[in-house]
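*Asks:* Take a look at the letters that make up each chain.
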Amino acid sequence: MSDIMVEPDLNFIKGLTASGADTVKKCYQCATCSVVCNIAPEGGPFPRKEMVWAQWGLKDKLAADPDVWLCHNCGDCTKHCPRGAKPAEVLGALRKATIEKYAMIKPLAGIASSFAGSFVVAAIVIIGLLAAIGHLNVLANYHEVGEDGHVNIIFNNFLNTHYVDAVFMPLFMLAVLTAGYGVMKFWNDICDGAGLGKYTGRNALPSILPTLLQIMQHNVFSACGVNKDRKIPHLLALVSFILLFITTNWAVVYLYVLGWEPGSYSSLHNPLKWVGNIGAIMLLAGAFLLIRNRKAKEATQSSSAFDWNLLYLILLIGVTGFLAQVIRMAGIVPGAQVMYVLHLIFIAQLFIFAPYSKLAHLFYRTTAMVFAKHTGRDLKVA
Amino acid sequence: MAENKSVLVVGGGISGMTVAVEAAEVGYKVHLVERNPFLGGRVAQLNKYFPKMCPPYCGLEINFRRIRPNTDISWMTTSEVVKVEGGPGNFTVTVKTNPRYVNENCTGCNKCAEACPNERVNGFNYGMDKSKAAYLPHPMSFPMRYVIDKSACGGDCGQACKAACKYDAVELDQQAATTELKVGSIVYATGWKPYDMAKLEILGKGEMKNVISNVMMERLASASGPTAGKILRPSDGKEVKSVAFVQCAGSRDENHLSHCSSICCMASLKQAFYVREQYEDAKAEVFYIDLRTPGRYEKFLNRAQADENITLTKGKVAAVSENAETGDVTVTIEDVFAGVKRQATFDMVVLATGMEPELASVGGTAATLAEGGFAVGDLQKPGIFSAGVAKAPVDVMTSIQDSTGTALKAIQSIVRS
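Residue numbers (numbering that gives the first Met the number 0), protein chains in the order written: chain D, 0 to 381; chain B, 0 to 416.
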């Protein structure tokens, strides 16, 4: 073993302790966790080494450690830990610390831990923009009564879809760019940490597709012991995100490529709506089941506000989106508009905080898995 | 001065016997109550003591020699305390004595066992062999008197044993009896039992033949054990050429025993020497979290470190599997110093199961228990004391020192009250 200079960052340890890793100091390095972990690689397995690094406050070493992300929070380590040191929870807190470290807009990373705080930011953005374009009067009548007496609510009349796009496209781009900034820094650090130096990015390209395929198979989740039943709900959530992303782009094609009128595709006869609704149902089911799983395991596996925020946000996006559609079709005028605005605020919240909330695992875990494949440290899967 | 100048000692192992002789030899009456049909407890089941590697029978024999002629010690085997009433200087204790079915006429001639048609699982050898239903617990049993296990000796079995006895020692109609004792103070010396391997979910649940506990290893190495002292593995009687010792099997684990049992490191090193002494080319590997060999025990560790065939590896075993065909056992660890997950295969695996205090399972315990089931040492109820492993997980030497001190405490309590 080579000598290393240990420069503990006490504030880092305090921060970890505050964000769910209050048990980290209980670890006595027996390495039960590394053995009972079904997915840890043979060479340099996790999470035993991460536990001692965290106790020592080795912030930079941990940030440059892809293994923090290779961990899928199976919880087997926590179950068998003889000291109640809860390695799974500690690694969760370490992931949060990594997200904060690579955050491009630090104040947003600070707010991300608070659901109310991030909701307020999103609300200010959306309502502020609505006010700016003179659409703050939510209760105004933007509906038409058809010949058959049916109330037709067209959200476009209330809030022009082009304005919505003008807000969300930049928000989306901002999320992608800031996440990309974090991912690049993270990638450089893990390459450095592994002694690979620069320019390994290009060499890693062939590892990207197999990693994405592995993620879609979700086979790492099958290898989990304690948290095995999380596979389907998590896959539902992931697939729903993909379907809803497709739906959104499809609408973009209608609007800006084919030049359709906004709202002209919002009847249930359009296949776009089918895909959107299937996505929405999967989103609701996934979020509901993920929350239920976490609640059921609360006694043995603790969840932090960081964990809950994302799950409840996804649930709320699903619920408000679905209700907005139902109320629109039922012709309940003020309800539909309020629900629509709420839905937009929650989506804005998801986008703005994507690189800083738990959703950032989408970027960092994928990156870490690409790196693992690239360096031949594949996870063991069932 | 208290009305009752006598001390009750609950448990007749090395600690209880020590309390009894120390108190009796300064003139106090002692009632020594033991659940087993013999005195000596867990120590009688050991092969050798660490660090001197001498047989425990030496120490036991000295104690038996001190107890036998001492008229101030009244000992009762197959007996349990069922009720304690009163206070310091004036306790009333109810003791239930279960039938042994063999009386004082027994000469230890073994004729009953020879004639006995039935067998029983031999608890003294931790179930690794069987004895006759009429049996002598172990070759140096005190009292040197046979026992009939009636649950294993139904039908004509009892009569067959009785008929074989020339001395009229077999009494098949013995009944359980209750005795009331008046004592001035009480010492719990109830010792320990090995932690149940069936509870060790990731270490084979006690279901793998060649994964044994450290107490079983003592019997395997003992001349009076099931293999007459030859270390052979249970599944096929093969000589063991590679043995893994799994430390902290239950101890230092809040899912099992949260305390460090304190003796297991020394016990495993000692057992590694058993293997090395019997087989010149045998290898032993000890998997540990920390090696705890305090004080002069460090020299014992140095001896193991100097042996090329003994490997000491930091990393707790957290997975065990047995090959159904060969019977070999594979353990998985993370070698902490190397930072690598590793599997290694052995002829046999010994789990260093910890010491679980027996005190909680003793009927009518008057002692206050601490977390983990040990007796509270200081601030115990007046007139109540504990000695040896009833109080803390310690080795034999420390138990004896503690017991000597506790005898004085028990006497002081009588004198003061």
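Don't take each hint at face value.
[Stated by the list, open to error] Where chain B lies over chain D, by a calculated footprint (3+ residues, C-beta under 8 Å):
| no. | segment |
| --- | --- |
| 1 | 11-23 |
| 2 | 280-290 |
[What the hints assert, rightly or not] Going by beta-carbon spacing under 10 Å, a handful of chain B positions derived as facing chain D:
| no. | residue |
| --- | --- |
| 3 | C108 |
| 4 | E253 |
| 5 | L311 |
| 6 | K315 |
| 7 | I332 |
Think of the hints as simulated: they come from the structure by calculation, not from any bench.
Idealized CB from N, CA, C, for every residue including glycine.
*Asks:* Does each hint fit the structure? Answer for all of them.
*Replies:* Evaluation of the provided hints:
With 0 residues having a Cβ less than 8 Å from any Cβ of chain B, the segment 11-23 of chain D misses the three-residue criterion, and the hint is violated. Chain B is given as covering the segment 280-290 of chain D, and this is violated because 0 residues of the stretch bring a CB closer than 8 Å to a CB of that chain, at least three being needed. Annotation: C108 of chain B was flagged as interfacial toward chain D, and the flag is violated, the nearest CB pair being 51 Å apart, outside 10 Å. For E253 of chain B, the interface hint holds, the least distance from its beta-carbon to any beta-carbon of chain D being 5 Å, beneath 10 Å.
Of the supplied interface hints, the one on L311 of chain B is violated, with its beta-carbon coming no nearer than about 15 Å to a beta-carbon of chain D, more than 10 Å. Checking K315 of chain B against chain D: minimum C-beta separation of about 4 Å stays under 10 Å; hint holds. Annotation: I332 of chain B was flagged as interfacial toward chain D, and the flag holds, the nearest CB pair being 6 Å apart, inside 10 Å.
Of the numbered hints stated above, those contradicted by the structure are hints 1, 2, 3 and 5, listed in ascending order.
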